[in-house]
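Once you've looked at the hints, dock chain B against the given chain A.
If you read the protein sequences in the order shown, they are chains A and B. Quick note on numbering: the first sequence equals residues 215 to 626 in my numbering. Quick note on numbering: the second sequence equals residues 215 to 626 in my numbering.
Just so you know, the hints here were simulated from the structure itself, not pulled from any lab data. Mixed in with the good hints, there may be bad ones.
Just so you know, same-sequence chains aren't split out, so a pair can sit in one copy or run between any two.
Unchecked claim - Restricting the straight-line Cα-Cα distance to at most 25 Å, the calculated cross-link-like pairs of lysine to any residue (SDA-like) are: (1) Lys502 - Phe622; (2) Lys587 - Ala242; (3) Lys437 - Ser367; (4) Lys587 - Arg345; (5) Lys624 - Ile579; (6) Lys609 - His429; (7) Lys228 - Ala575; (8) Lys624 - Thr598; (9) Lys224 - Gln555; (10) Lys577 - Glu320; (11) Lys624 - Asp568; (12) Lys609 - Lys624; (13) Lys224 - Phe622; (14) Lys522 - Asp276; (15) Lys522 - Asp441; (16) Lys587 - Gly311; (17) Lys437 - Gly557; (18) Lys351 - Glu320; (19) Lys479 - Thr397; (20) Lys319 - Pro293; (21) Lys495 - Gln375; (22) Lys609 - Arg246; (23) Lys502 - Ser569.
There are 2 protein chains.
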Amino acid sequence: MDAQITVQLKEPTKGLADCPGFSYSAVATDIRDNQSGQLDLALITSQTGKALSAAAVFTQNDVTAAPVDLSRMVLESSPEKVGGIVVNSGNANACTGAYGMPDAKEMSSCAQVSSGIGLPFFVCSTGRIGRRLPINKIIEGIASAAKSLDASSENAKATAQAILTSDTREKEASASFNYEGQTITVAGIAKGAGMIEPNMATMLAFLTTNVSASHACLQTALKTACDQSFNCLSIDGDMSTNDTVILLANGETSLNPESNSELLKAFQLAVLKVCETLAYKIVSDGEKITKVVTIEIIGSQSDADAEKVARAIGNSLLVKTAFYGSDPNWGRIVDAAGYAQVGLLIDRLDLHYDSTPALIAGKSIEDNLSAWKSIVEKDQFKITLNLNQGNGTFKLLTTDLSEAYVDFNKSE
Amino acid sequence: MDAQITVQLKEPTKGLADCPGFSYSAVATDIRDNQSGQLDLALITSQTGKALSAAAVFTQNDVTAAPVDLSRMVLESSPEKVGGIVVNSGNANACTGAYGMPDAKEMSSCAQVSSGIGLPFFVCSTGRIGRRLPINKIIEGIASAAKSLDASSENAKATAQAILTSDTREKEASASFNYEGQTITVAGIAKGAGMIEPNMATMLAFLTTNVSASHACLQTALKTACDQSFNCLSIDGDMSTNDTVILLANGETSLNPESNSELLKAFQLAVLKVCETLAYKIVSDGEKITKVVTIEIIGSQSDADAEKVARAIGNSLLVKTAFYGSDPNWGRIVDAAGYAQVGLLIDRLDLHYDSTPALIAGKSIEDNLSAWKSIVEKDQFKITLNLNQGNGTFKLLTTDLSEAYVDFNKSE
Numbered sequence: 215m216d217a218q219i220t221v222q223l224k225e226p227t228k229g230l231a232d233c234p235g236f237s238y239s240a241v242a243t244d245i246r247d248n249q250s251g252q253l254d255l256a257l258i259t260s261q262t263g264k265a266l267s268a269a270a271v272f273t274q275n276d277v278t279a280a281p282v283d284l285s286r287m288v289l290e291s292s293p294e295k296v297g298g299i300v301v302n303s304g305n306a307n308a309c310t311g312a313y314g315m316p317d318a319k320e321m322s323s324c325a326q327v328s329s330g331i332g333l334p335f336f337v338c339s340t341g342r343i344g345r346r347l348p349i350n351k352i353i354e355g356i357a358s359a360a361k362s363l364d365a366s367s368e369n370a371k372a373t374a375q376a377i378l379t380s381d382t383r384e385k386e387a388s389a390s391f392n393y394e395g396q397t398i399t400v401a402g403i404a405k406g407a408g409m410i411e412p413n414m415a416t417m418l419a420f421l422t423t424n425v426s427a428s429h430a431c432l433q434t435a436l437k438t439a440c441d442q443s444f445n446c447l448s449i450d451g452d453m454s455t456n457d458t459v460i461l462l463a464n465g466e467t468s469l470n471p472e473s474n475s476e477l478l479k480a481f482q483l484a485v486l487k488v489c490e491t492l493a494y495k496i497v498s499d500g501e502k503i504t505k506v507v508t509i510e511i512i513g514s515q516s517d518a519d520a521e522k523v524a525r526a527i528g529n530s531l532l533v534k535t536a537f538y539g540s541d542p543n544w545g546r547i548v549d550a551a552g553y554a555q556v557g558l559l560i561d562r563l564d565l566h567y568d569s570t571p572a573l574i575a576g577k578s579i580e581d582n583l584s585a586w587k588s589i590v591e592k593d594q595f596k597i598t599l600n601l602n603q604g605n606g607t608f609k610l611l612t613t614d615l616s617e618a619y620v621d622f623n624k625s626e
Numbered sequence: 215m216d217a218q219i220t221v222q223l224k225e226p227t228k229g230l231a232d233c234p235g236f237s238y239s240a241v242a243t244d245i246r247d248n249q250s251g252q253l254d255l256a257l258i259t260s261q262t263g264k265a266l267s268a269a270a271v272f273t274q275n276d277v278t279a280a281p282v283d284l285s286r287m288v289l290e291s292s293p294e295k296v297g298g299i300v301v302n303s304g305n306a307n308a309c310t311g312a313y314g315m316p317d318a319k320e321m322s323s324c325a326q327v328s329s330g331i332g333l334p335f336f337v338c339s340t341g342r343i344g345r346r347l348p349i350n351k352i353i354e355g356i357a358s359a360a361k362s363l364d365a366s367s368e369n370a371k372a373t374a375q376a377i378l379t380s381d382t383r384e385k386e387a388s389a390s391f392n393y394e395g396q397t398i399t400v401a402g403i404a405k406g407a408g409m410i411e412p413n414m415a416t417m418l419a420f421l422t423t424n425v426s427a428s429h430a431c432l433q434t435a436l437k438t439a440c441d442q443s444f445n446c447l448s449i450d451g452d453m454s455t456n457d458t459v460i461l462l463a464n465g466e467t468s469l470n471p472e473s474n475s476e477l478l479k480a481f482q483l484a485v486l487k488v489c490e491t492l493a494y495k496i497v498s499d500g501e502k503i504t505k506v507v508t509i510e511i512i513g514s515q516s517d518a519d520a521e522k523v524a525r526a527i528g529n530s531l532l533v534k535t536a537f538y539g540s541d542p543n544w545g546r547i548v549d550a551a552g553y554a555q556v557g558l559l560i561d562r563l564d565l566h567y568d569s570t571p572a573l574i575a576g577k578s579i580e581d582n583l584s585a586w587k588s589i590v591e592k593d594q595f596k597i598t599l600n601l602n603q604g605n606g607t608f609k610l611l612t613t614d615l616s617e618a619y620v621d622f623n624k625s626e
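If we strip away everything but chain A, and leave its shape as in the complex, we get (with noise of 0.2 Å):
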């Protein structure tokens, strides 16, 4: 009974691609007026051209960019028949004041009647804040982009492309697993955090999957994947005008996740893996970052505590500064963590670097010094501390801060 299904994350993988049923496709508008010919607007569609069913996650910024506005109200009115996704980088149409809706509203629009698939599409915008869209070239852009939607890997490759603003290079996922001779497989593409914390950056991800799913089923599988994923990159606290994550299911398959329990863990589970990579993958292509950290905190008397305390030392300029530098510096550490102000007690701190101990009971293990020297001289390490005053966890991917980032980022 309760056979366990074994879900896989596809490695290559090829994206989009992966998941059948669906239509994609790039093109290049020089929305950056730039002539350079970069890919920068996108669709994602149905295969067939019928409705999707749909789930999104969205900026908890108070200033949202029009088209997350557009975006909200698709899918309060319409969240289980979208046409599906539209989407530019280059510019964010983000306090653009008046001209903002309107834009937005005819990318919808216009993506709705150049598909001919006649339902309301979600429109996503990254890149420059406070200019108006070129919103005749992007139109342009949607009817040529329309002509030439497919399932093909090269489009699919495109449209992980396209979506990119400061990224070094497409992220791409695909999870999948058996069930009564069916495969089902989530797939996505996302960009990054230009930067990582404390920062904003739009983040943009986008979900596709075969099953046949309610927009309920779909939500809840989606928001519990990007608080375990995306928000655990600290990003959450301080997104940015643009950031937004969508789901979108097919029905290609006639499962329903919500029909059997094992079912529906392994459809979370496959979700959540998509979203896990893609997060990491956003994480190790942070603007001029040389290092990945895994902050774990355990042992805190609540979950929350320990978040605390992950983003604390996460968003340490200080610690930031040292990993970049390759000191391991405890100090830095600890300082970061009394600062959460979750009432921990130095005496009790057991501190790892991997699985060097550097701390036990607040007591620096000095013996160690070169030992943690060489595992923060490696391009991705685990910092471990453990509170010892209860079962609250947290688990936070970070990076180091280098001088390459401030002179990139001095000026737009």
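What follows is chain B alone, placed relative to chain A:
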């Protein structure tokens, strides 16, 4: 009636030497073990050896250094009978396990004995975390410093120098006013936040005054002044393990601020002016900064909301790097304001660089682009953001973030 008393900052100031009735001295004890001859230990006492009345404000960090714990005990047990302050730089005596408190106590009792004053001393330490104090050097240093205690300008200057770590210059201030033929003075010295928010190099400030005042009177004046100065450079939420501000009153004048409401107001203003001046000197000497920026939030629904917005802006890496690059990037400022999540409305925002509007009712005034640019190129300027939702206000002093900062902090 109520003739207003004029409180004036002294410029140029001689720091502690401006307030009569105190003695100080500083010596070089090679705490850093580098034979640099750098002054690193100092004493501050009353000139006659009589008991001092005291107030103090300490770090809110869960992880406190032993000298902070000891100084808290001194304040609790003997707030109106203090011998003075003994302070060292180069080693913070933080995270030093079982050695911490005995070493701090030894510093205090050694100062008490060597000075011949026979009253408990506050102890402050700043510098490297996690290494035991070189206690023998320090004890010899205290004995030597006690022999040269006097009220000279030279000793005052040397004391201001002895507390520095990564600061590039000493920080001194004084303010005074006349009342009934007597001159009341508040004098002070400080050492900087090596880095200004969101981090935690130690901040120390020591103030002296010649009023006759109860602990309660001093504590109210000091706490209020700290909240409006040091805590508005956004160090507080992220205080170091050692941050300490102390105010000592020697009763050289018989004037008691509590005897008269005008006198009290003038005294509190003098304490505030000295704290504000020291705070500004700390920010403008922040590690590798090139600009000091005042972020003023007005029109929020509460002061607390204004503070959240100011800190979100002032801590944003993207905003700070844009300041560094002289990029008048109002989009990054608005985005950071939005993720403070106080319910701001984009179409009510007015944003000014100095007095030049960048946004009015959320609409950007692009004609002013070159004017914004020339403002953010200056080494100090102000950003005012009006949410137009209420009467809340908060003002924060912040800085830019340079490549040199990262380089400076990548290892200790």
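Here is what the structure says about each hint:
no.	hint	result
1	Lys502 - Phe622	both (8 Å within a copy, 18 Å between copies)
2	Lys587 - Ala242	neither (46 Å within a copy, 32 Å between copies)
3	Lys437 - Ser367	neither (28 Å within a copy, 65 Å between copies)
4	Lys587 - Arg345	between (46 Å within a copy, 17 Å between copies)
5	Lys624 - Ile579	between (40 Å within a copy, 22 Å between copies)
6	Lys609 - His429	neither (29 Å within a copy, 45 Å between copies)
7	Lys228 - Ala575	neither (48 Å within a copy, 46 Å between copies)
8	Lys624 - Thr598	between (33 Å within a copy, 21 Å between copies)
9	Lys224 - Gln555	neither (42 Å within a copy, 38 Å between copies)
10	Lys577 - Glu320	between (62 Å within a copy, 21 Å between copies)
11	Lys624 - Asp568	between (34 Å within a copy, 20 Å between copies)
12	Lys609 - Lys624	between (30 Å within a copy, 24 Å between copies)
13	Lys224 - Phe622	neither (34 Å within a copy, 43 Å between copies)
14	Lys522 - Asp276	both (22 Å within a copy, 13 Å between copies)
15	Lys522 - Asp441	both (15 Å within a copy, 24 Å between copies)
16	Lys587 - Gly311	between (51 Å within a copy, 22 Å between copies)
17	Lys437 - Gly557	between (30 Å within a copy, 23 Å between copies)
18	Lys351 - Glu320	within (12 Å within a copy, 75 Å between copies)
19	Lys479 - Thr397	within (15 Å within a copy, 77 Å between copies)
20	Lys319 - Pro293	within (17 Å within a copy, 67 Å between copies)
21	Lys495 - Gln375	within (14 Å within a copy, 48 Å between copies)
22	Lys609 - Arg246	neither (37 Å within a copy, 37 Å between copies)
23	Lys502 - Ser569	neither (27 Å within a copy, 35 Å between copies)
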